[in-house]
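In order, the protein sequence lines correspond to chains Z and Y. Taking our numbering as reference, the numbering of the first sequence is continuous, increasing by one, and the terminal residue is 775. Taking our numbering as reference, the numbering of the second sequence is continuous, increasing by one, and the terminal residue is 416.
Here are the simulated DSBU-like cross-link-like pairs (lysine-lysine), alpha carbons at most 35 Å apart as the crow flies:
1. Z:Lys125 / Y:Lys341
2. Z:Lys612 / Z:Lys543
3. Z:Lys132 / Y:Lys339
Here are the simulated distance ranges between beta carbons:
4. Y:Met159 / Z:Gly342: 47 to 53 Å
5. Z:Glu343 / Y:Asn242: 32 to 38 Å
6. Y:Lys236 / Z:Glu202: 45 to 51 Å
By construction, these hints were calculated from the structure, which means they are not laboratory data. Since this is a predicted model, take the numbers as computed values, not measurements. Where a beta carbon is used, it is the ideal one built from N, C-alpha and C, also for glycine.
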Amino acid sequence: MADCSQAGSGRHSMDKSITLPPDEIFRNLENAKRFAIDIGGSLTKLAYYSTVQHKVAKVRSFDHTAKEVDGDPLYEISVQEEITARLHFIKFENAYIETCLDFIKDHLVNTETKVIKATGGGAYKFKELIEKKLKLKVDKEDEMSCLIKGCNFVLKNIPHEAFVYAKHADSEFRFQNTHPDIFPYLLINIGSGVSIVKVESEDKFERIGGSSIGGGTFWGLGALLTKTKRFDELLQLASRGQHTSVDMLVKDIYGGAYGSLGLTGDLIASSFGKSATTDKEFSKEDMAKSLLHMISNDIGQLACLYARLHNLTRVYFGGFFIRGHPVTMHTITYSINFFTKGEVQALFLRHEGYLGAIGAFLKGAEEDNPNQYSWGENYAGSSGLMSVSPDLNPMQRVRSGTFDMLEMDRLERQLVNLPLLQDPSSYIPDTVDLTEDALARQYWLYCFEEALDGVVNRAVASQPDLPQAVERAEKFRQKYLHKLQTLRHQPFAYGSLTVRSLLDTREHCLNEFNFPDPYSKIKQKENDVALRYFQKVVRSLEKLPWEQRQFALVKGLLAGNVFDWGAKAVSDVLESNPEFGFEEAKHQLQDRPWLIDCYDQWVERLKGPPHKCALFFVDNSGIDIILGVFPFVRELLCRGTEVVLASNSGPALNDVTNSELQILTERIAAMDSVIQAAIKEDRLTLVQSGSSSPCLDLSRLDKALAVVVRERHTDLVVIEGMGRAIHTNYYAALSCESLKLAVIKNSWLAERLGGKIFSVVFKYEVPPQSPGLRR
Amino acid sequence: MELNGCHCEDEGGTEADDGETRQQTPGKGRAGDPRIDGGIEGGAAGPMEQGEPSERRARHTADSPRKSRPPFPWFGMDIGGTLVKLVYFEPKDITAEEEQEEVENLKSIRKYLTSNVAYGSTGIRDVHLELKDLTLCGRTGNLHFIRFPTQDLPAFLQMGRDKHFSSLHTALCATGGGAYKFEADFRMMADLQLLKLDELDCLIRGVLYIDSVNSSGPSECYYFENPTDPVHCIVKPYRLENPYPLLLVNIGSGVSILAVHSKDNFKRVTGTSLGGGTFLGLCCLLTGCSTFEEALEMASRGESTRVDKLVRDIYGGDYERFGLPGWIVASSFGNMMCKEKRESVSKEDLARATLVTITNNIGSITRMCALNENIERVVFVGNFLRVNTLSMKLLAYSMEYWSAGRLKALFLQHEV
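Whole structure, please, built from the sequences with the hints as guidance.
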């Protein structure tokens, strides 16, 4: 709402200098279907839904009833085109509206859309322009309803959406876990005025209060007092000022603290209390600062009073007063802490500026039921959160006038919590938060940069027949390198920075340039080789006495896990020495006692009654899955334990995917009666995890997996591999027994954990009062 | 983080609240006033006359046998952030004998105070507030109310020194922040010992006392009937017979909000730094005025809707989705974001908008406190309301309107 000024004057002169980089913004516009626009006082947010055509790797089993010829691959790999849905959100300054509308008009070809949903104070002002340019009918939507809808959407679909702001802490932003149930919450929207909205469910919300002292008061009164016209400049002034020369403090009245009421001397007793005099001049900075404190404190106080009255502890702040401004986030946070004595934290949202556009879009897309799906932030296409603090972000000046983007992919399945999490609301997948751990951050950013050449080479090698593989791979390199550089300066750009997010970002970037599965051929070859050894391995295991066999099975599991192209140390070895074999891997393993060694407890447990059902999150393809996991699973099945194998839905590194695993399982069943019987009797089930990451977020799993887990009364969870058991879930607390095992294939990480490369983690955990232990 | 070295720590300053209560003294002042010195000090206003001194007073006044009244003169003062409020009890039943005994200093003080309505350039006696023929500690007399700016306190001390005030007393009852801040000055400049009394305690006793003592004349406590209807809005007396629980909102330079459950059971619920000092401070900066009276006078001639952005300015009418009528202020000073509008408003408009903004904000915080504390009766006191009918009517209006009539705003004659 709040703009005036330079609507007409600035625009046309600016237009000439504006050239839009078409590769970068308004992507996939050709297939754009549905539009929404949110025009605020200074920024426009455009949303559209589009389909993205990209390549996916498919595997298809050969018909192996035909005679088998040595050297024939196990299965066929093909790259196919697939169409997926993506939401695009773009934010730009209002000055660009006309240019952008022209661009859209020129590039919009396939749409059948007749209307554009619009919200925000500027919607009516630009109504005619939009209708004229785009030939779409502008359909206005209520601003607050859009805001709430957008807020629900980001809270549900973007992990680490909300954060606490701490100006003086090591990491400026502390991201919050998405609570499984986002309701109820309080949204304080600070635009020109303040609206306080209580949100109880997707469709139920109520404006429970408000205040006229808001961003408009800061801006309007600030402009009068300091003769400074722009909001940003006022904030700059405020950040340099000293409020104590303008405000009357408790100590100005008492000479010190007012102890009996617990009011410290530095508290403001009366805002502007010292300016009631004609014989003194006050600096612009000081007045702006005093004004900022006055308004922030007042809003904070009201927010607390409403939160208390309605018994709410989750309070989100948004609106142009807040929008990414460290100064206002800080003063609001301070005020909330003061008034609630820390009981309530002020929460901010990474995509706060997009809420209105997202909501307006969702309103228009109701027939597509967007809320029925889960959505995921695409790290490759989103520009991330930027600090506007000049200290933190020297590039900020350069950025002004650029376009900020958010892209969200529609996921094929709905994602939910693993029902076996002890406390879903406190579950944090990632073991180390690199936003807070500067040393680890430096190491991992360096590590990923070092490994980039190898990834590029493998990507090129994976597509010998496809056009422009080299060029695309080079583009991928540039993009990922740029992401890494951004993260070096702005570690919080996509929420908490973690090894997982670095890996996921890499996968997103690879997909972006049509490298859906660079490891497909390697996986195929390794699976093929490993399958040939399967029977031999099983036979030799069967000969061993029980105790020795259990140990050999675990050792096989661990040795298999050494085969991981994701770890640089291993990919070097594998690349230089293809003969590096299963037996050799066993020798590489650390001797017992391992770095984390719960083996004795595990064996003790095996002497007890069998588990009802084990859920096994598998890791790599090839030797790992075939010679490590399957023999282990076979033993469980023989004990009478049902097994659910959970594998990735989409490719990531050399991890085995669900479709590959189905083929492998068929082949193994063909040669092993135990596996065959288990499949027939439905005691061995394959499910997909819903993930395409080398890591594992147990709070975002395929809904079907959760159903199976519940139905089968799963009482053991096995998580294998560095990505799933070390980088993530190392501290995950489950409500049933769990086994987390991995070989540390990174010397830096091994050292950090107090070991050496190829150290073994074998973590067997039993929750308090697990029924499994009661015998 | 630190954009500029220094301000980082002042952030701390944010503390909005604080409420400086002090100014509001009026209420308390009166009450407490009678007590002057250590002796009786407590004076405990009305209630005390009949009864025993309360424990708390007794504590203060070690040596106050009931029969020995404190020696005259009887003063009480409240030193706030902006104003000093002084109450003086002028005995009218002085016997000839006493008159004779009365030392010259005492006589001159009495004459000086009661024969003037203005002292120096800034001291003022509010004659209309004077309470006549009160009985206090067995003496009959008039209670006078005098105020002057806190910044002139040194001049006051100088006068006390010149008139040898210290020859009459060893201690002077005082409350407010200044009782702490200026204690050393009183001792050193005027050789006066301050007997410091708790400010909130004084405030509440003052409110109750003034109500009880003033039963003969016009009712001390009153409210506005039909506050939402400008034509039928009239002042009606209110009997504070059974006052508890009540919310006491003391608007001085800052604001303190107290929940009072009985004479001795109360707590400060919260406060805000947006108070009378903010109104005056902003008005001085925005309009160049220099006194509260001047600022109020300007405000009375201004039009705040030229400065504020109303709901109808944004939505063209009511915001029906949320039941907000078009005349509601959506953004205080919101029109001032626009250069043309900044150039078209008058100083009077700005003063009016400042007054409305501060007053409505106090109303809204008060209303939330009332809800949280589950209290329906609200007494507004404090010097901000002195000669400020505009704000009182606004407060009455906003209490009534936003609570759908459940909350009642009460005011006191002596606050004004």
